[in-house]
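Chain A is already provided as a structure; the job is to place chain B on it using the hints.
Protein chains: 2
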Amino acid sequence: MATQRIRDFLATHCFDGPCLVVDLDVVRENYLNFEKALPQSRIFYAIKANPAPEILSLLASLGSSFDAASVAEIEMALKAGATCDRISFGNTIKKERDIAHAYALGISLYAVDCVEEVEKIARAAPGARVFCRVLTDGKGAEWPLSRKFGCVPAMAVDVLRRAHQLGLQAYGVSFHVGSQQTDLSAWDRALSDAATVFRHLEQEGISLKLVNMGGGFPTRYLKDVPTEQAYGTAVFDSLKKYFGNRIPETIIEPGRGMVGNAGVIRTEVVLISKKADNDNVRWVYLDVGKFNGLAETMDEAIRYPIETPHGDKAMEPCILAGPTCDSADVLYEKTPYMLPLSLTIGDELLIHGTGAYTATYASVAFNGFEPLRSYVI
Amino acid sequence: MATQRIRDFLATHCFDGPCLVVDLDVVRENYLNFEKALPQSRIFYAIKANPAPEILSLLASLGSSFDAASVAEIEMALKAGATCDRISFGNTIKKERDIAHAYALGISLYAVDCVEEVEKIARAAPGARVFCRVLTDGKGAEWPLSRKFGCVPAMAVDVLRRAHQLGLQAYGVSFHVGSQQTDLSAWDRALSDAATVFRHLEQEGISLKLVNMGGGFPTRYLKDVPTEQAYGTAVFDSLKKYFGNRIPETIIEPGRGMVGNAGVIRTEVVLISKKADNDNVRWVYLDVGKFNGLAETMDEAIRYPIETPHGDKAMEPCILAGPTCDSADVLYEKTPYMLPLSLTIGDELLIHGTGAYTATYASVAFNGFEPLRSYVI
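Top to bottom, those sequences are chains A and B.
So the first sequence is numbered by UniProt numbering: it starts at 1 and just counts up by one.
So the second sequence is numbered by UniProt numbering: it starts at 1 and just counts up by one.
Here chain A stands alone, though its shape is the one from the complex (with noise of 0.2 Å):
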């Protein structure tokens, strides 16, 4: 929920329109609570998640490291302090270009997931590391997680043995369990993939390093998650299950859950209506959307708390829209939300837990409205 810090912000700022506000003291607490849920891995922060330059600061200065998607998101990681050693070009999908503008940056850790990939960067990035991506079936995860990313494990052996062969170092092993994954489990049926391709290359002479778990810890939206530690305990108890005595090492690139509850939108009810009479449902309209900020409602995946003046007495079921001439732009539907019969025009909202992947999935101007507004505090 929305901390003091940003209730005192909002109530003694202006704004026309919609925003966010970030609580860096929230951000601080959810590394600290990695690191110590974790001791033994590297935190590596998902940048797209929120790449304010206050939050990377933030988190360079506390020691993290930062899992980048693209030559920006790595010039953003340095200028805000972290050294080239910190920094992943984690994306799978890059032009040898890109490989080549990062690793004249200094950057020396990639991901791959196919023989293609690891051509470029052979060329583009010699003796670099790579660790490669499999895929997990993404179960339990709550934002869906299609195949576009990782191989299956045996393709995995394959391509870290041409890394091998090019010249490069076979390095590691990476999954994504999906985000927002509340199953404690993806993460055990994950490890023990990573741990089959180790021995595979094992046995060819080829001794593998790290570890790469990912993200998809959650961030609390309506329904409670299972706590950091809660995360740390299952994933050791399935690295000594699956590595034994010889854990390799790791790495975790929490994203939402660094970032997601520490932000708070604030928007604007702009209308209230029903469509005929006879209507059960009544649909609200707010001056925040899928375009300007709640791109994350798509297919109503994820489902955010919403706060309102007038408490939680006598709710009714609510549509709820966004401001633009786009029939798409609709937040709840297929579930209506309930919200106070007493709600009317001109209520603030509070949405709590959008502190991720919201401000940068804004779009530019769609329907002439500018996007989201953000503010670091």
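There could be a bad hint or two in this list.
Identical copies carry no separate label here, and so any pair may be met within one copy or between two of them.
Claimed, not checked - Derived pair list, reagent style DSS-like, types lysine-lysine, alpha-carbon separation capped at 25 Å: (1) Lys-274 to Lys-139; (2) Lys-334 to Lys-139; (3) Lys-274 to Lys-79; (4) Lys-240 to Lys-209; (5) Lys-334 to Lys-79; (6) Lys-274 to Lys-313; (7) Lys-334 to Lys-241; (8) Lys-223 to Lys-240; (9) Lys-313 to Lys-334; (10) Lys-240 to Lys-79; (11) Lys-274 to Lys-334; (12) Lys-223 to Lys-139; (13) Lys-240 to Lys-36; (14) Lys-241 to Lys-223.
What the hints contain is simulated information worked out from the structure, not anything from laboratory work.
Predicted model only: the values in this text are computed from it and were never measured.
Same frame as chain A, now just chain B:
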């Protein structure tokens, strides 16, 4: 398909990264075709489809009117040379202070779909003209049409009566048959509803004057679509059928139909790979995706024609995806896209029919990738 002017422009300019090129000659031709097909209708270009200043200026000079979704779009149209009598505030969801702002700029034509919005307009824009949007079923449209906008015809009567009581000019009825609508009978059903609202209010002494027939006019993607002329004939036949000798003023709001086929996106193949040795589809990753221009591939709704340097011999099914580290950034997967076997990393592709709903949907900086660059020639 790409015009020679666009091909020449791309051949003589060098870009790093994807870009959209829009040919104003095509926009002009589309405008003149609409004018010819529907000589009795005024054309209100839906600015949201593509608000590039060059497009707005051209259309303003040709005599077009403009459908604006926000105060910012009203200001763009004014800046392009449109007078305020040629601009409607067509969004049914407006803040009262934005209505006041528009009214101060001279805007006198407003969309509504409920009594609550009428009351705002009566306070903030006294005496203005309002038209009420009625729901349609969206049958036959390729881009999903929700119930977000409009009310049932019976309620539209109440809404317009209320406008009249509050001193506004109850001016007419609007509808939208759904974007990329290829079923000509959709307009017939909606016009029948509009005529019902006219008749009811006529009996109460309130004479409506306008039918706003909205947009929905399709652009040619992979399949052929009816010509503007075919639409014009069908619409005029329905108008005669339902309004007899008292055909009202009509306006149309083409957006996609005005600029869709005028634009081409140039993109680069970043990676081609498989997930397992025995996979029978390849994954093709482009440097443009859902978050930097191709948002309308959501649920694979819009299927763009794609031109490769290899012609159309020896094709195979591919899954197409964008460049970001987001699992949801997949363009066509449920129905794979046929692409040449000889397609290679680094190939440049042209994505046709991308003049509408691309550049402005692009996110500000997701994954550090810049928004889609746009050139209007």
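For each hint, the structure was consulted:
Taking the shortest alpha-carbon separations for Lys-274 and Lys-139, only the inter-copy value of 22 Å comes in at or below 25 Å, while the best intra-copy value is 38 Å. Taking the shortest Cα distances, Lys-334 and Lys-139 sit within 25 Å of each other both inside one copy (22 Å) and across copies (19 Å). In this assembly of identical chains, Lys-274 and Lys-79 lie within 25 Å of each other by CA distance neither inside one copy nor across copies; the values are 50 Å within and 36 Å between. Taking the shortest Cα distances, Lys-240 and Lys-209 sit within 25 Å of each other inside one copy (15 Å), while across copies they are farther apart (77 Å).
When the C-alpha separation of Lys-334 and Lys-79 is checked against a cutoff of 25 Å, the pair qualifies neither within a copy, at 43 Å, nor between copies, at 41 Å. Taking CA atoms no more than 25 Å apart as the test, Lys-274 paired with Lys-313 passes inside one copy only; the shortest distance there is 21 Å, against 54 Å between copies. In this homomeric assembly, Lys-334 and Lys-241 never come within 25 Å of each other (Cα to Cα): the closest approach is 42 Å inside a single copy and 38 Å across copies. For a Cα distance limit of 25 Å, the shortest separation of Lys-223 from Lys-240 qualifies neither inside one copy, at 30 Å, nor across copies, at 57 Å.
When the C-alpha separation of Lys-313 and Lys-334 is checked against a cutoff of 25 Å, the pair qualifies only within one copy, where the shortest distance is 23 Å, while the shortest distance between copies is 44 Å. Taking CA atoms no more than 25 Å apart as the test, Lys-240 paired with Lys-79 passes in neither setting, with 37 Å inside one copy and 67 Å between copies. Taking identical chains as interchangeable, the C-alpha atoms of Lys-274 and Lys-334 lie at most 25 Å apart only when both belong to the same chain, with a minimum of 16 Å there against 35 Å between chains. With identical chains, the CA atoms of Lys-223 and Lys-139 are at most 25 Å apart within one copy only, with a shortest distance of 17 Å there and 37 Å across copies.
Taking the shortest alpha-carbon separations for Lys-240 and Lys-36, only the intra-copy value of 18 Å comes in at or below 25 Å, while the best inter-copy value is 75 Å. For a Cα distance limit of 25 Å, the shortest separation of Lys-241 from Lys-223 qualifies neither inside one copy, at 30 Å, nor across copies, at 55 Å.
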